[in-house]
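Novice: Letter by letter, the chains look like this.
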Amino acid sequence: MTTDVQAAYQIDDTGIDLDNKTLLEMYWQMVRARRTDERTWVLHRQGKIAFHISGIGHEAIQVGAAYALRRGYDYSHLYYRDLAFAFALGYTPRDFLLAVFGKAGEPTSGSRQMPSHFSSRALGMLSASSPVATQVPQAAGAALACKMRGEDRVVVTALGEGSTSEGDFFEGMNWAGVHKLPMICLVENNIYAISVPMHLQMAVPNVADRAPMFGVTGAVVDGNDVLASFRVMSEAVARARNGEGATLLEAKTYRPVPHSSDDDDRTYRSRDEVEEWKQRDPIKRFQDYLLERGILNDTAIEEIEARVRQEVDEAQATALDAPYPPAEDALFPVFAPDGTDR
Amino acid sequence: MADRPITIREALSSALREEMHRDERVFIMGEEVGVWGGTYAVTRGFLDEFGAKRVRDTPISEMVIAGAAVGAAMAGLRPIAELMTINFAFVAMDAIVNHMAKVRYMFNGQFTVPMVLRTTSGGGKQLGATHSHAPEPIFAHFPGMYVAVPGTAYDAKGMLKAAIRDDNPVMFIEHSTMLQRRAPVPEGDDFVLPIGKSDIKRAGDDVTIVTYQKGLEWSLEAAEELAKDGIEAEVIDLRWLRPLDLEPVFESFKKTNRCVVVEESLPMFNVGSEVAAQLQNEMFDYMDAPVKRVAAMDVPLPYADNIEKMALPSPEKIIAAVKEVI
Numbered sequence: 014m015t016t017d018v019q020a021a022y023q024i025d026d027t028g029i030d031l032d033n034k035t036l037l038e039m040y041w042q043m044v045r046a047r048r049t050d051e052r053t054w055v056l057h058r059q060g061k062i063a064f065h066i067s068g069i070g071h072e073a074i075q076v077g078a079a080y081a082l083r084r085g086y087d088y089s090h091l092y093y094r095d096l097a098f099a100f101a102l103g104y105t106p107r108d109f110l111l112a113v114f115g116k117a118g119e120p121t122s123g124s125r126q127m128p129s130h131f132s133s134r135a136l137g138m139l140s141a142s143s144p145v146a147t148q149v150p151q152a153a154g155a156a157l158a159c160k161m162r163g164e165d166r167v168v169v170t171a172l173g174e175g176s177t178s179e180g181d182f183f184e185g186m187n188w189a190g191v192h193k194l195p196m197i198c199l200v201e202n203n204i205y206a207i208s209v210p211m212h213l214q215m216a217v218p219n220v221a222d223r224a225p226m227f228g229v230t231g232a233v234v235d236g237n238d239v240l241a242s243f244r245v246m247s248e249a250v251a252r253a254r255n256g257e258g259a260t261l262l263e264a265k266t267y268r269p270v271p272h273s274s275d276d277d278d279r280t281y282r283s284r285d286e287v288e289e290w291k292q293r294d295p296i297k298r299f300q301d302y303l304l305e306r307g308i309l310n311d312t313a314i315e316e317i318e319a320r321v322r323q324e325v326d327e328a329q330a331t332a333l334d335a336p337y338p339p340a341e342d343a344l345f346p347v348f349a350p351d352g353t354d355r
Numbered sequence: 020m021a022d023r024p025i026t027i028r029e030a031l032s033s034a035l036r037e038e039m040h041r042d043e044r045v046f047i048m049g050e051e052v053g054v055w056g057g058t059y060a061v062t063r064g065f066l067d068e069f070g071a072k073r074v075r076d077t078p079i080s081e082m083v084i085a086g087a088a089v090g091a092a093m094a095g096l097r098p099i100a101e102l103m104t105i106n107f108a109f110v111a112m113d114a115i116v117n118h119m120a121k122v123r124y125m126f127n128g129q130f131t132v133p134m135v136l137r138t139t140s141g142g143g144k145q146l147g148a149t150h151s152h153a154p155e156p157i158f159a160h161f162p163g164m165y166v167a168v169p170g171t172a173y174d175a176k177g178m179l180k181a182a183i184r185d186d187n188p189v190m191f192i193e194h195s196t197m198l199q200r201r202a203p204v205p206e207g208d209d210f211v212l213p214i215g216k217s218d219i220k221r222a223g224d225d226v227t228i229v230t231y232q233k234g235l236e237w238s239l240e241a242a243e244e245l246a247k248d249g250i251e252a253e254v255i256d257l258r259w260l261r262p263l264d265l266e267p268v269f270e271s272f273k274k275t276n277r278c279v280v281v282e283e284s285l286p287m288f289n290v291g292s293e294v295a296a297q298l299q300n301e302m303f304d305y306m307d308a309p310v311k312r313v314a315a316m317d318v319p320l321p322y323a324d325n326i327e328k329m330a331l332p333s334p335e336k337i338i339a340a341v342k343e344v345i
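Residue numbers (my numbering), protein chains in the order written: chain A, 14 to 355; chain B, 20 to 345.
Just so you know, these hints were derived from the structure itself, not from any lab.
Owing to the predicted nature of the structure, the values given are computational and were not obtained by experimental measurement.
By construction, the Cβ of each residue, glycine as well, lies at the ideal position given by its N, Cα and C atoms.
Any given hint could be a false lead.
Said to hold, decoys possible - Which residues of chain B face chain A? A few of them, derived with a C-beta cut under 8 Å, are: (1) SER80; (2) VAL83; (3) ALA87; (4) VAL89; (5) GLY163; (6) ASN187; (7) ASP208; (8) ALA222.
Here chain B stands alone, though its shape is the one from the complex (with noise of 0.2 Å):
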């Protein structure tokens, strides 16, 4: 079927949609969901199509979304349950951590855990510090679950149908600011997209940028901005950082030999230092100079606008960073 512009909005709602009506099994819960409409008004509409039995109101009470939701998972449903932002996710980190990502292993998988953990991120609208980090390395850190971190209509609707169809566990991260974001998205039930595979989204034989969601959007407009100094950046979208696929990451650095990171999370511990350090093992015959990472200032978050600003990432700071490996 032909491709239509939806934006990242509908393209999740789509999604959710979609599964819902292909598997009974799937059942939505967090705070604002049902009435409302989801803090994002993604599930919009959801409360009148499917009834509250399946479209669940929670009260605010992160630790009982997420464990409930897990042992939900474990008696047999597919949860997605959601939460209003990635920083609240720490008030239920241990249902995350120690049960929705180990379950599986701790009891020899005797039960698995399909639930998708729905959640945004990102900072730019002056929402400060315990709302607008992006911390998705954190969750990216233990094995047991996945991380997806879309960054188009495109993909969020492909892999947001993939994660609800998987036995394993996802935390789904998408940013706030950029649900408008519009892109041509194939119609029809069975567009699916496969779980860890990043995308080249921007192709180049200068630089290669590795990058996603937010990172991406300024990935590209920095690469324009190079293309006009004659520098053509090749643009990788991670779209997951569990299962990390740095395959074409490796491609393109053999043909670039220079590698600038981009992420909006914070600098220490983050997907820069794993792909460098992934880079300098695996490629360091092919390294003509050091892997450049761009990230948050290493700051909680400020709240005034300028400042906030500020300590984001930017074009600017990855042209900056491109230029000093070039």
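Bound conformation, chain A alone (with noise of 0.2 Å):
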């Protein structure tokens, strides 16, 4: 890999016009992701929970998107390294430690399901599923639902690149792209399915070079610039909205953790590939942008990463504290009760 550190270090920041709150709240955003993230990493070494699937590094497509949208109104189908998504839509440290220990109260669930499947009705998010790409079809049929109402409501489904290669991905692309529907199929290209690289998953160097081939619109960007993913997608919610159908957005970023708790990064890439992404941390990257431009400083920083201690340290304790599932809740909801026409 050749990469130009320096070169891919700035900030874009061309046409964004954000308030120094909203910048220090998706910069919060970010920390409050990758703190819990890490927790969660060691809560596993600890040998304290099952599984951890991780976010790292994702952090800057992820809030950027997020802030793109209509939080709360537009539908995500988000996968699961979305942690810093989740977050940004409204989940929290707390449901998601919840979700870890598969505790009671856990809101995604009732801890039914694996922990990193977000769901929400409340904050719009639909189903997250093991199987990769299978949102892609779903978030069509909600796209085509929302066009159906005469909605302006959008549907973001958030894959990595490594979906990209199943039948889904293409079937629910061909159909976004031949209903013209308000989608954003985003691409985490984080380089690696798995511990399969890039050259080997597919033979075009961007996952958006496909684009063409089903109609809609295809656009790159660097999805560890947290500002320049804010603004791309912010052009494909607006293109969405107005009618003017999908766009398969690719963000090129990168994992510097193993896939998953069960997973030894250490087969696949060697450690200079890594510790040369590490240098292009996103977090480091936004905080340095702040910093030069006075809107963040160190007693900020600190002050930032106490309050996201706190909160981490605190959803760990209710976490920890809270009781298993009942026993019953193994039983239902299985169906619907008297499921007949409401």
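Make the complex out of the two chains shown on their own, each in a separate frame, by following the hints.
Specialist: Right under this line is the structure:
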């Protein structure tokens, strides 16, 4: 991999018109997701939880994309790496740690589903899946529903580049193109489908190169740049809302940690490569941008870190103290009760 | 209102039409449903009547037909998605099994998936192994979705209307060779049958035949032949494989003490396996003979007319099975 680390370090704020409060909030969301994610790794390595699938490194594209949505109104079909995305939509560290520990009161599923399978009717988050790319046809269906009802709601679905080798991706995108659906397919390209690198996944350099075959707009963005991500996502959302159809938006990013707690990434990539990408860490990059402009200072950084640490500590304590789901929860809600015509 | 003899095709068509008029959230999507009027002409005229917005021709794309229906249902519509044959449903298995059936449970009831996946099943038309199987039991395996297998026009209409109105996802399976079968069906929009109720189609005291769909036709024919020998079979039509209603089967078994299960699906892990297991559990003291099963032969369904027929169940095979337990 050839990468000019310095060149890739700038934040491209062309056309960005966000006030300082929003910029700091976005920074906080990224830090909050990162620290929650790191804590979860620790809990796993301590043997306290069964499994973790991480979103570290993906925070910029996720927060940038979420802030381009009308949050609570637009629909999202997230995937398991979208912790920062979910937080930015209203999901919380408390919710996540309840899920991680499999405790009662977990709001996504009542701990019936694995952690990181985000779903919330209230937050407009439709279901998330373990078999990858299945959310693309579903998102197309949800987008069709929005269009049929004449709403200006848009649907975003997120997935990794590994998922774009699935038939579901092709069928869903084809349909989104045919029906000019208000949909954004956000591909968080971290270069690896678990261990399999890009060049063994596809013969094109960019996932977005496939957009013309679906008749949708294709766009590529530096997914480690939160403001560029926000801008390009905003453009895609505007097209969708204005009836101009779907976008295949590819965010170039990197996963500096293993795929999941069951994976050892030393088997398939060099430490040099990982270290090089860590130099382009999306949070550090945004932090430097904010520092340079005096929007953030060292005291404020510490305050944000302390606030996040307290929230994660409290979330962990709450989750540890929470009871496990009652046994009878295993038995429902398989079917809708008296399910007729509501 | 009076009953009127109509075909299964007409019954399905009128059920769809009535429910689309009743609820504007209901729409149809699938291959050939629009201009063509449906592979089996069930939606003929619908495009003119309801417009392209509610009668949507899709690409040949089973994953999106089933998957987008799941998404649209979660987003508040009530899709009726159509797959040309149940044998093509395997292409869409993830959307059906992992999502249509499981979304409600996995996400703690936050989302219901009020969709109907209509498809056809069954062999006997020389369409080979990848068109012609009747693998309904596979779909009944998964909690979270209902499986409808109507065998008469009366049932087809009342069950389809119930399926569309229900908030649970329903796999609605029609038999591709039975669409011209005619039976009296009540007129009027309000004819809806309950979900998960089996039905005694023929009374008898000597043996209980449990069956559905094409098996029902074969069984009734067999029962008439058996009657000539003085054997009166009680024929119970399951109508739904899930919810599975075996109460009438147990009641019948108490008097007949003998049971034959007849189905067109393959012989391993099928409806007969389930019925036999439940009879063994619930009715052990009433058993006078082993439960016999009549199903397709354990081979991919062949193409040539003579060997396809040989591989499928028949009234003769049912008669033979009954005579083994009498």
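Novice: Now look at each hint and say whether the structure bears it out.
Specialist: Quick rundown of the hints versus the structure:
The criterion of a C-beta within 8 Å of any C-beta in chain A is met by B:SER80, whose closest approach is roughly 5 Å, and the hint holds. Here the hint on B:VAL83 is kept, as its CB sits about 4 Å from the closest CB of chain A, short of 8 Å. For B:ALA87, the suggested interface contact is upheld, since its CB lies about 3 Å from the closest CB of chain A, less than 8 Å. Contact between B:VAL89 and chain A, as hinted, is supported at the beta carbon level, the nearest pair being about 5 Å apart and thus within 8 Å.
With a cut of 8 Å, the hint placing B:GLY163 at the interface with chain A holds, because the nearest CB-to-CB distance is about 5 Å. At its closest, the beta carbon of B:ASN187 sits 5 Å from a beta carbon of chain A; the interface hint therefore holds under the 8 Å criterion. A least Cβ separation of about 13 Å between B:ASP208 and chain A goes past the 8 Å threshold, and the interface hint is therefore violated. Annotation: interface hint on B:ALA222 violated; nearest CB of chain A at approximately 30 Å, more than 8 Å.
In terms of the numbered hints stated before, the structure departs from hints 7, 8, listed from lowest to highest.
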